[in-house]
Amino acid sequence: MLGLDKKDFRLLLIVIAITLLAPFILNPFPEGSGMAQFNAGYPDLMQRFVIYGIFAIGFNILFGLTGYLSFGHAAFLGVGSYAAIWMMKLVTLNVIPAIILGVIIAGLFALAVGYISLRRSGIYFSILTLAFAQMSYALAYSVLTPITGGETGLQIKATDSPLLSNLEPGQIGRANLFGMDMRAGFDLSFGDWLFTINAGYYIAAVFMILAFYLSIRIFRSPFGTMLRAVKSNQTRMYYTGLNARPYTLAAFVISGMYAGLAGGLLVAMDTQAGPERMFWTASGEVVLMTILGGAGTLIGPVLGSGAIKYMENILSKINKDILHEWFAFMPDGLEDFIIAIVYPFIGKGWHLTLGLIFMAVVIFLPGGLVEGGQRIGRLLRGKKANPNDDKATQSTPAE
Amino acid sequence: MSKTDLTRRGLLKTSAIAGAGVALPTIFTASSAAAFTNEPTGDTVTLGFNVPQTGPYADEGADELRAYELAVEHLNGGGDGGMMNTFSSNALQGNGIMGKKVEYVTGDTQTKADAARASAKSMIEKDGAVMITGGSSSGVAVAVQALCQEAGVIFMAGLTHSNDTTGKDRKANGFRHFFNSYMSGAALAPVLANAYGTDRKAYHLTADYNWGYTTEEAVRASTEAMGWETVAAVKTPLTQTDFSSYIAPVLQSGADTLVLNHYGGNMVNSLTNAVQFGLRDKQVNGKDFQIVVPLYSRLMAKGAGENVKGIFGSTNWHWSLQDEGSKAFVKSFGTKYGFPPSQAAHTCYVQAMLYADAVERAGSFNPCAVVEALEGFEFDGMGNGPTLYRAEDHQCFKDVLVVKGKENPESEFDLLEIVEVTPVDQVTYAPDHPQMGGADATLGECNDGA
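Taken in order, these protein sequences are the chains called A and B. Each residue of the first sequence is one higher than the one before, starting from 1 at the first, in this note's numbering. Each residue of the second sequence is one higher than the one before, starting from 400 at the first, in this note's numbering.
Please keep in mind that the hints were generated in silico from the structure rather than gathered at the bench. Source: prediction; values computed, not measured. Some hints here could point you the wrong way.
Capping the alpha-carbon separation at 27 Å, the derived lysine-lysine pairs in DSS-like fashion look like this [what the hints assert, rightly or not]:
| id | chain 1 | residue 1 | chain 2 | residue 2 |
| --- | --- | --- | --- | --- |
| 1 | B | K600 | B | K634 |
| 2 | B | K735 | B | K499 |
| 3 | B | K730 | B | K634 |
| 4 | B | K726 | B | K701 |
| 5 | B | K500 | A | K320 |
| 6 | B | K681 | B | K567 |
| 7 | B | K500 | B | K735 |
| 8 | A | K89 | B | K600 |
| 9 | B | K634 | B | K567 |
| 10 | B | K686 | B | K600 |
| 11 | A | K320 | B | K686 |
| 12 | B | K567 | A | K320 |
| 13 | B | K600 | B | K500 |
| 14 | A | K157 | B | K567 |
| 15 | B | K500 | B | K686 |
| 16 | B | K634 | A | K320 |
| 17 | B | K726 | B | K634 |
| 18 | A | K6 | A | K89 |
Computed footprint of chain B on chain A, listed as stretches where at least three residues anywhere in the stretch have a Cβ under 8 Å from a Cβ of chain B [stated by the list, open to error]:
| id | stretch |
| --- | --- |
| 19 | 40-48 |
| 20 | 169-181 |
| 21 | 274-284 |
| 22 | 306-318 |
Computed, partial: chain B to chain A, Cβ under 7 Å [said to hold, decoys possible]:
| id | residue |
| --- | --- |
| 23 | P455 |
| 24 | D458 |
| 25 | E472 |
| 26 | T505 |
| 27 | K511 |
| 28 | A512 |
| 29 | K525 |
| 30 | P648 |
| 31 | Q651 |
| 32 | S652 |
| 33 | G843 |
Idealized CB from N, CA, C, for every residue including glycine.
Using the sequences and the hints, build the whole thing.
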């Protein structure tokens, strides 16, 4: 259906179901209970899950299929954000034109960067993209301050009055979709459980489902096969008379446009753009997301981005006091001892936990979380790992 | 994906539907029940402490968090009460805020606007924080302030020195206790004129971002008004760690004073380079060469070590102040943590207290009531002498300290000595001052999220 075979269609349905039910799935613990700390079903984080999911899906089209490791993808996210916020500041507060402009500008920028960077491959390509991204960051941070707002970034202010909106003077414009505020929504409570249904999240979720569908189509298309050929042996491709450059450039631009879409959506959900979005750590983050989830797999990048954003937003907020509450039942000496051991891994130490998990995944599950899921699935079904089965679904680890 | 996921989802779905069936009668929309964003309805109130725990300002962030924990302890009636005893307003009783016990959540801003907003949003959306405070950079402060304005909660800025926070980016829901670039310039200029004369030629090295620009502008304006001449102003990349290539041209320019508009690691490195180049032993235009650092902090002085000796700068507060408020704060901070607080800790502690006090006086957690209570509020006993929270831009006006690096420090905390306490009149400016965004800058309307 929809041009997909049965297996892919099932995957798409699963993704749709999970995204639509996310407000419920992510809030499994009742409000006020000790475990409520681990609930992730609040609008901002859910929006980040899907937006960074889009970003990672796009990155995976380039990295997972062609094997070209771009280390500057955050630049496209940032450029998309700046384009979107200017659209909102000047023309209209409706998010759709802003997102479209974000995608277009990011695509054009990716075309320029890709045209130059793709002349080299391997580590040189990575370094070139990194250089472009850092250059964009430096430009946004200081040189282009009149356009980008420098360190402070851009926001919608009371003094902005977009052409196609009728704001009262002094009123601060809000992002909307044909009049529906991105922050509109309501809370559902079932007993102690509280679920937040948010308009912005569902809009972003629809974009992610579309982005995911498009990525399946690309993966299964002849174009996708060409991209895989680039990854497996580009030299052989040249010997058979095929020019790989147009394919890789197209993949690069598509993936840049995905990043622009994510950037535009970030602005639509939270009307602010700043240069840190383009910093090299942000580029590194999407690489981590993709590898953690499983490079070259369809669902992997989404899982990876979810895992990282969850840790960044939930784990980092556990502080010493909360630990003391958890372990209060223990005798004093033991409590302090346990807390001394656990504390470095949570709160500000969440990077450490992320690093350990990443190492564990890369060493034991080269196919990322997806491979972990497959192994568990096989275990549950009581089947022994079938080497053929393995080959069909698992990607080669990132080169 | 495998089949098991499907059944798991099925399970989840079934249980969700079953749950919905059981709980159907209790469905209500929470937004209609509250009068304003995150109205505290139970017997506790949650504050959000959003500080950098990782990144370049993690030291400041850690100290801020210590101060907040101390403030919460004092608000809930624990400890020795600290500055609550010296505060001129007596609304706080030590029984929480309006009888509600103060709880808090913490987050990591990473000194990035995006991360700071994400963590502030999670405090507002998930934890129900009614006030957000903290931060150690102006970019973050401006971003989070705008977010709080949108969401309808109060923002009490932490360490942010750029003019913009209460200048062109001021917001009705945002308040700043810390001083700013303009005040630094205005306070430093007369002291510099006294010490170094009025016919100096200054060379500026400025960190290439917003805070650097506003500081350079403020110091230039104030020193030029005294008769100094600005020879050149060079921007340095924020990520620069070796400033030798920027220092070398200084001597050829004919300048006899170097102004380092740098903060944190930048300042530590540029000052160290300048001293290593022997700038301070040079004679130019028949005068000793001098270096000035507009914004000082103890943590920076520690990083620069020996090199800060005798160098002038300004600071918001210093633990060696001898007024009752400062002494009480240093004592209770020292008792709890074993070392004196930094200026970041001080401003954060004061902000938390001021917020709590404003709620008590207003008799409500409603942001608009709090804004009203804070606007034009005059207080004393918080370490800076008589202070005014100006209604027009939500900036605190108080005396500014001009300090210099101590020649003979007695301990690792005793690095700065107070040269002069510049009276508040000298650093006061009009709310529509050109450096503050001019007449265009407005607070807008307060927003309670209803």
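Hint check results:
no. : hint             : verdict
1   : B/K600 to B/K634 : holds, 18 Å
2   : B/K735 to B/K499 : holds, 24 Å
3   : B/K730 to B/K634 : violated, 41 Å
4   : B/K726 to B/K701 : holds, 22 Å
5   : B/K500 to A/K320 : holds, 19 Å
6   : B/K681 to B/K567 : violated, 40 Å
7   : B/K500 to B/K735 : holds, 21 Å
8   : A/K89 to B/K600  : violated, 42 Å
9   : B/K634 to B/K567 : holds, 22 Å
10  : B/K686 to B/K600 : holds, 10 Å
11  : A/K320 to B/K686 : violated, 54 Å
12  : B/K567 to A/K320 : violated, 38 Å
13  : B/K600 to B/K500 : violated, 56 Å
14  : A/K157 to B/K567 : holds, 10 Å
15  : B/K500 to B/K686 : violated, 60 Å
16  : B/K634 to A/K320 : violated, 41 Å
17  : B/K726 to B/K634 : violated, 40 Å
18  : A/K6 to A/K89    : violated, 45 Å
19  : 40-48            : holds (count 5)
20  : 169-181          : holds (count 3)
21  : 274-284          : holds (count 4)
22  : 306-318          : holds (count 4)
23  : P455             : violated, 12 Å
24  : D458             : violated, 12 Å
25  : E472             : violated, 11 Å
26  : T505             : holds, 5 Å
27  : K511             : holds, 4 Å
28  : A512             : holds, 4 Å
29  : K525             : holds, 4 Å
30  : P648             : violated, 20 Å
31  : Q651             : violated, 25 Å
32  : S652             : violated, 22 Å
33  : G843             : holds, 5 Å
Of the numbered hints given earlier, the model fails hints 3, 6, 8, 11, 12, 13, 15, 16, 17, 18, 23, 24, 25, 30, 31 and 32; all others are met.
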